[in-house]
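Colleague: So the protein lines, in turn, are chains R and B.
FYI, the numbering used here numbers position 145 of the first sequence as 145, with every residue one higher than the one before it.
So the numbering used here is basically just the index in the second sequence, starting at one, shifted up by 300.
Everything labelled a hint here was simulated from the structure, so no lab data went into it.
Be careful, since some hints might not be right.
[Said to hold, decoys possible] Partial pick of chain B residues on the chain R-facing surface, computed with a CB cut under 8 Å:
1. Val376
2. His382
3. His388
4. Ala431
5. Arg452
6. Arg633
Every residue gets a Cβ at the ideal spot worked out from N, C-alpha and C, and that includes glycine.
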Amino acid sequence: MTSKPRDAATATSPLGLLLITGAVATVGLLIVAPLASVFVDAFSNGPQAWWEALAHDPDTRHAIWLSLTVAPIAVLINTIFGVAAAWLVARFRFPGRSLLVSLFDVPFSVSPVVAGLALVLIFGRQGLLGPTLASLAVKVIFAWPGLVLATTFVTLPLVVRELIPVMEAIGPEEEMAAVSLGANGWQVFWRVTLPNIRWALLHGVVLANARAMGEFGAVYVVSGHIAGATDTMPLRVEKLFQEYRTPASMAVASVLAALALLTLVAKVFIERQLETESKELEAARAPGADTDPTTGGLGP
Amino acid sequence: MSIRVDGVSKSFGAFKALDNVSLDVPQGTLLALLGPSGSGKTTLLRIIAGLEWPDSGRIAEDGTDITDRHARQREVGFVFQHYALFRHMSVFENIAFGMRVRKAPQAEVKARVDELLHLVRLDNLGSRKPAQLSGGQRQRVALARALAIRPRILLLDEPFGALDAKVRVELRQWLRRLHDEIGMTTVFVTHDQEEAFELADEVVVMNEGHVEQRGKPEEVFDKPATPFVMDFLGNVNVYHGRVENGLAFWHGVPINYPDYPHAQAREARVYLRPHELDIARAPSGGTSEAHVGTSLAATVLRQTRTGPITRITCQPRQGGSDLHVDLPSAAARELGLQPGESVSITPRHVRVFLPDPEYVI
Chain R
1 MTSKPRDAAT
11 ATSPLGLLLI
21 TGAVATVGLL
31 IVAPLASVFV
41 DAFSNGPQAW
51 WEALAHDPDT
61 RHAIWLSLTV
71 APIAVLINTI
81 FGVAAAWLVA
91 RFRFPGRSLL
101 VSLFDVPFSV
111 SPVVAGLALV
121 LIFGRQGLLG
131 PTLASLAVKV
141 IFAWPGLVLA
151 TTFVTLPLVV
161 RELIPVMEAI
171 GPEEEMAAVS
181 LGANGWQVFW
191 RVTLPNIRWA
201 LLHGVVLANA
211 RAMGEFGAVY
221 VVSGHIAGAT
231 DTMPLRVEKL
241 FQEYRTPASM
251 AVASVLAALA
261 LLTLVAKVFI
271 ERQLETESKE
281 LEAARAPGAD
291 TDPTTGGLGP
Chain B
301 MSIRVDGVSK
311 SFGAFKALDN
321 VSLDVPQGTL
331 LALLGPSGSG
341 KTTLLRIIAG
351 LEWPDSGRIA
361 EDGTDITDRH
371 ARQREVGFVF
381 QHYALFRHMS
391 VFENIAFGMR
401 VRKAPQAEVK
411 ARVDELLHLV
421 RLDNLGSRKP
431 AQLSGGQRQR
441 VALARALAIR
451 PRILLLDEPF
461 GALDAKVRVE
471 LRQWLRRLHD
481 EIGMTTVFVT
491 HDQEEAFELA
501 DEVVVMNEGH
511 VEQRGKPEEV
521 FDKPATPFVM
531 DFLGNVNVYH
541 GRVENGLAFW
551 HGVPINYPDY
561 PHAQAREARV
571 YLRPHELDIA
581 RAPSGGTSEA
591 HVGTSLAATV
601 LRQTRTGPIT
611 RITCQPRQGG
621 SDLHVDLPSA
631 AARELGLQPG
641 ESVSITPRHV
651 RVFLPDPEYV
661 I
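Generate coordinates for the entire structure from the input sequences, incorporating the hints supplied.
Modeller: Shown next as structure tokens:
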């Protein structure tokens, strides 16, 4: 927002100052202070202790490794699903389309714990698919496939939600042009669609990854909380905390927090790119540079 | 390559975009599909390109049925309304796209793109991105990209719609020359009659999903076949009159209309074009009659000059809506009419349409 004289006047008025102070205090108290305290606690015994807490505890090492495996798999599934679903919704009109779009949002509105329980009810030993899975000797609940399912579920809307508006704004014309020039479906996707949506896709992927790394509720239910087997980083943080090993807990938490800060930086960078692209799109739609907007109709 | 459209219909939900349309486009013709928005002209163009499927009817190229052939196999050059250039590709890569997806050798691609860049007079702009080009330049890139695949027909959707007046006229003339050089069968869609008449060999006027009239520009302009065409071509004075005994009456002025020899009077619409009216200063002292012979008595309200044409707006003596008369500006200056002067207006051509043609025996 540009600061106009009026804004400046409002800002220096007593009410303005009060509101600004209130906002800064809220952000400081709710966001900055807790985040800073995580790092302060994590490093309270020095960097040596921090490193040992992370690297020398096999259960913590496993938790980090598990998170770094489960999250990318979930994000990859989401990326493929998100692109396909967004393409379907943005390019086609069919009965049930708006219902489908609302269904994409279910993971946001459902509590993660409920989502985890639902997965147990389907994939658990007493669940709907339990006997089938047992006969195939596939373990889903209390094993890493369950973690992937739960993580995929809670992050489901992030990529598709990001892509739908962007694909709708771009419109189908470039893709149609590619088809009329002889491109097949894959060529259209790789050469035209993907380059056009790449920043929006990356934005969705970064958000989905952050959410996947930090997911607690759904994963808590399906994991069974087995140290060294199904504990992810957030679960490990909680377990260490419950065991009164606060510095170790905070060390793992600091890794998660650092990841969040990295995500934030990546997000800001990507959002700038997105803004540039949407301006370019507008410019491409607008008449060209040689056009004088004042000359409307055809001269005599 | 000739195109034959045979009985094509297409609906979008309840909206009937095309209703049993048939059309022949002979080899080498430059044909304009002219009509208001929603008349189905763009849908027809897309169906010819294979970008849209007809609900019924067939499309043939040179006698070969291509209705079921996918757009990418039709070898049709299509220029989109807003050009649809690939934003993230350079001008060079945009033009090369059709050859790249066909896996043409690099040397061949380079030679062809350079040739096309030269053809569309963008020799040094190959490395630019579409966003760095003016509207007219983008239009020419879109054209070069469509021509790069050596299409057998060229289809253009509102090719000049987004350009300003000066660039539009230049590009129009350029496209006409290009067509004369290449001689490719070309169909373009437009809602601008001037564009259609100046550029096309043949004009097809469309309305509400069907063809109203087809003909050479001067035929369509001089002999509009239907009230719609007359209205759409615009700038027309429309009056409610009546017909009886081989005469049509417009403000009581009798006009020969041998198509209706019946004695029973019927209502009719009388169309007069502003440039087909003669205007003269009424003899001084004037008459209070509504008309003298075949001329209408009227009073000058105002004159508006738009370049070479001056439009004189008159109020018929008898009342009714204003009447426009277009004169070459030089003639208008010579005549030197002032507001409030009495004039007599004589139509050189009149068109009469009866409201329900099927009612006529």
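Colleague: Could you run down the list of hints and mark each one as holding or not?
Modeller: Structure-based check of all given hints:
Because the beta carbon of Val376 of chain B sits about 6 Å from the nearest beta carbon in chain R, less than 8 Å, this interface hint is met. Annotation: interface hint on His382 of chain B holds; nearest CB of chain R at approximately 6 Å, less than 8 Å. Hint status for His388 of chain B relative to chain R: holds, with the closest Cβ pair at about 4 Å, below 8 Å. The beta carbon of Ala431 of chain B comes within 5 Å of a beta carbon in chain R, closer than 8 Å, and the hint placing it at the interface holds.
For Arg452 of chain B, the interface hint is violated, the least distance from its beta-carbon to any beta-carbon of chain R being 13 Å, above 8 Å. The interface hint given for Arg633 of chain B is broken, as the beta carbon of that residue sits about 16 Å from the closest beta carbon of chain R, more than 8 Å.
When held up to the earlier numbered hints, the structure conflicts with 5, 6 and fits the remainder.
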